[in-house]
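Residue numbers (my numbering), protein chains in the order written: chain B, 1365 to 1841; chain U, 110 to 600; chain H, 368 to 463; chain X, 33 to 196.
Honestly, the hints are just simulated from the structure, not real lab data.
Check before you lean on any hint, since a few could be wrong.
[Stated by the list, open to error] Derived, one-sided and incomplete: chain X residues facing chain H with beta-carbon distance under 10 Å:
id: 1; residue: Leu35
id: 2; residue: Ala51
id: 3; residue: Arg57
id: 4; residue: Thr82
id: 5; residue: Leu86
id: 6; residue: Gly97
id: 7; residue: Gly127
Even glycine gets a Cβ: it sits at the ideal position worked out from N, Cα and C.
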Amino acid sequence: MSHFYTDVDHFALLPAILLALFGCAVFLFDFLLGERSRRWQLALVLPGLALTGWQLARQGEIAPFTAFHGALTIDAFGLFFNWLFLLTAGLVALLSYRYLEVEQEHQGEYYGLVLMAQAGAYFLAVGTELITIFVGLETMSISFYVLAGFLRRSRRSNEAALKYLLLGAFSSGILAYGFSILYGLAGSTYFADIAAAVGARPAFDPLTVLAILTVSAGVLFKIAAAPFHMWAPDVYEGAPTAVTAYLAVGSKIASVALLLRLFLGPLGTARAAWEPLLLVAAVVSLTVGNLAALTQTNVKRLLAYSSIAHAGYLLLGVVAGNATGLRGVAIYAGAYVFMTLGAFAVLLGVHGEELGDLNGLARRQPAVAAAMVVFLVSLAGLPPTAGFVGKYYVFLALIEAGRYVLALVGAVYVAVALFYYFRVVRCMFLEPAAEGVARVGLSAGVRVALGVTGVLTLGAGVYPEPLLQWAVRAVLK
Amino acid sequence: MPWLTALLALPLVGFVVLLAIPGRATGAVRLWANAVLLGGLALAAPLWTAFDRSAGGYQFVERMPWIPSLGAQYLVGIDGISLLLVLLTALLGPVAALASWNAIAERVKEFYAMLLLLQFGMLGLFLSLDILLFFVFFELVLVPMYFLIGIWGGERRLYAAMKFFLYTVAGSVVLLVGIVALYWQGGQQLGRATFELTELLRAQLPVETQRWLFWAFFLGFAIKVPMVPFHTWLPDAHTEAPTAGSVLLAGVLLKMGTYGFVRLSLPLFPDAAREAAPVLAVLSIAAILYGALICLAQQDWKRLVAYSSVSHMGFCTLGLAAMNANGLAGSVLQQVNHGISTSLLFLLVGYVYERRHTRQIADFGGLAMVMPRFAFVFAVAVFSSAGLPLLNGFIGEFTILQGAFVVNRAWAAAAVGGIVLGAAYLLWLYQRTMLGDLRNEANRELPDLTAREWATVLPLLGLAVAIGVYPQPWFAVLERPVLELAGRLGR
Amino acid sequence: MHYVAVSLGLLLIGTAGLLLRRNIVIILMSIELILNAVNLNLVAFSRHHGNAAGQVFAIFVIAVAVAEAAVGLGILLALFRNRETVQVDEVDLLKW
Amino acid sequence: MTLEAFFFYAFATLALGGAALAVTRPSAVHAAIALMVSLLGVAGLYLLLTAEFLFVAQIILYIGGILLLFLFVIMLVNLDAGRGLRQFHRRWPVGAAVTAVAGVVLAVLWSRVQLPPAQRMPETGNVELVADTLLQDYLVPFEVVSLLLLVAVVGSVLLARKRA
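Same shape as in the complex, but just chain B (with noise of 0.2 Å):
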């Protein structure tokens, strides 16, 4: 091979090859096959992720390296979130198996673009270079707009995805901006001269203040915490809801990789300027999310705000900047994939997303009902849930930063929390079903996806220790 693609390189790129291969694959089996394919697309997608991961294990048997000149870079922290890209998009293959038959848009291109928006999502995670992290960024976007797009014949759906492309568009468009200011300042888009150019200007030089204020605008966007949240719960109830379970789930954790990955490294310097700006929009999340999802009757919306909130509490955690505070980030990035999957593989499993939908729904699937509680619990933070670990860890990065305000502030928003998630317990538990409501079966993927995010939900709660030792390695040096 030539210089310009070694063998290291090629390794580093190796899981994004797969993921996109096995996405044409599905593209051209639906293809050339038609209707008769489509009953083993699953069974192109899971082999596909289970390569995937099998390179993502190589590459964590060994040290951290960088590939293409510094544009990728392949450490402990690009491979945990990956893990956690490759958990969603497996999980979200096998809740949308039964969905897409039941809304009549059962379609091959589904599957090839969840694994077309994971190897966009691969490159936020590993990607040190502005180039690159663009065009990964808008591969995940763009699939992701057309899957809010996917139910063609639902206008809901429709508006969805307009929405989000529209929004998302601008953006993108923000963001790139920044960008280009960034470039402007180093001169490259190599995150090391960035950092280098960053690090020789003084505080508070406008230019990184510039480059500071359009970069976090774009990401914060793209992670739904306020003020630029007003996407999220139109485009989360609209969008089909096993794409809502992708979108909440895969793109705020990759794009909670890229906030890390720039504000942490490049910006990393420039922490005076946007510390504070960062604090400002976690707290307002937190305000924003939390009383705003307090008044919802479709549980869509409502896990729409309560992820603008949850964004609030992964903001703190980096804005505590300390190592626990990243830590924690990395544990609520990783209990947020499993509760909330979990959440919304029993909206799938139960064909209903208005509050009312649940009515009853402990006399009809007690199974379903019990798992639920956990992940509510587990959203709100209590104990022994993976949730209350993460918030646990943020809430001790903010003390340990002395920030004991702020520590109080998140800690109060739960009990707030606790309030609308349990008006879905009392839905489940306490109303009488509406009449006629039938008792609908679960398909195995929903039954599968129920019991891995419950175990690992209650499990992380329960002897945490595993994902803590696995989170400590993943944080950002």
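Chains U, H and X: place on chain B using the hints.
Leaving out everything else, chains U, H and X in the frame of chain B:
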């Protein structure tokens, strides 16, 4: 033998096995749950004799690594204080289960599952010597109790369940921040991060830090007790809960708050606690008097009993505020006493409600004529609750008053007023329900206590008398831990 | 520096169009304006720094713009088949 | 006034004026034409910046590709039917205020910016330079962008095609 772990694991194992029993086999479910809880009592009872009263520190300690990265362990053990509360829990668990035998006809399996989970959480809280573990159990009891009230409660159950839940959670999140801060500050002091209680007790926290932490912990525990002005969740929750829920709520859950003070707040932050003692005392006296006065105005039998808890828990916190050996010992014993007498009262209200489906005091009167045995038991319960000599309540309240008197005579005087008021509303309740003529014809055919009901009240009656007549063994268990604590507090 | 001013102007005009207009096609055009602002910045900085990285970045931005426009118009067509409007706030099944 | 300055102002006027027209015209067709003017202005600026490759790319891809796509869709869905309708959001003052604040903040910051010292471009031709940079330093995004375009093609076909 890992005695405490076995005791703790039993309800959890019982819970898991119960899930495997088909929900339609209600008989099997009932039998199993009662057997498990009785088994727990059988496991706990020998602790009373095996406990070494002359040894200091914690006994039956078991430790296992849990979250090494955080310095949290699975660490259980008991001293005299937790011994009494563990025994109380182990006793009230089966009592509550047995009392629900007929009362719960709907969703039986879920009910007993929640009961077992609750028992697990309650025992775990009193056993844990690791603060994170303590907090996990502190929160764990909330969910089953929410369901107990919300599913099997009275008419306003949804409201009451949510109110209970949100109040306690609001307190406990602040407690959590306090725990995290203590962990961090203590870790700085000790040079290593740990949640182990005995380790953290060695940290010398500056008074300023102690103050912040004390009030953070205070909020969590004061809501749980509940102290005035955080008590407003209690009447709703107690009144709407099913009998078993009320028994466990009043009998055990409230003690989590006072136990939190004794186990954590006072020993960990002695300087701040001493400063805060007058505030605690004033709030306690307010609770004693306010609770009693409200009781005088109650029309609802069960609500009256609920409000009496506010008043009686005021005595427990007053004993804590005294912070001397008498006050502390009296407080712990009074926690047990309150667990016994209030549980009795709730059981009896529940039995009447099962027969008549009303709780209005005005609907009753002269029940002593149709239900003489019931009236006898009720009399003992009322006397015990009112603190009449030769019964348990007297011993507890008297010791607390002794403790409070040494510190501040005004406190003791005000509390005596509370005892008088307590006697007044309880005896008046007794007179209105049991004595006089049988005014309401619907009450004429009421059956007296059944054998099963006797089985639930007899152990409590026996204990009430036993403690009242011969309190020495109970104080003997408490002596060492209480003296140690009073020493830490410098009193 | 002058180029940067033009770029800022394009950015602001694009933002204003996006926030104020109701016509979806014009909103998509506003996004193109924003991306052009980015590109102008990139090319100006590329000249300033004497390397071609900025121009390369600009090529990628154009590719992204093409992709976004294609998907955006695709969604628009799907929406138009379901209901005949292109005004943003008539897209109101979900609260805007 | 030098010739270069003259061209700069001319192209800048085209770019900004076209942009301003594009976002204010009620008719989508007019807006598209105004957008073309703006894009041409930007292309001219590229030429002044000696970015010949981008100048060509701008004309072919943007003006030849994207704009055509816009016009095509405008015709297809008969967009101009909406001409008589209200053209601005009801809550337009909010949007205007946000834009104004952002504009002031950004302009003030830009006015204080100090760029690092300028470097000279290498003497090689622009197209070679761009190609070299693209294929040497930016191989990854080059590969990824093909994925991006694939997704866009599949997605837009999927969304826009008629239902079976």
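Against which earlier hints does the structure fall short, listed by number upward?
-> 1
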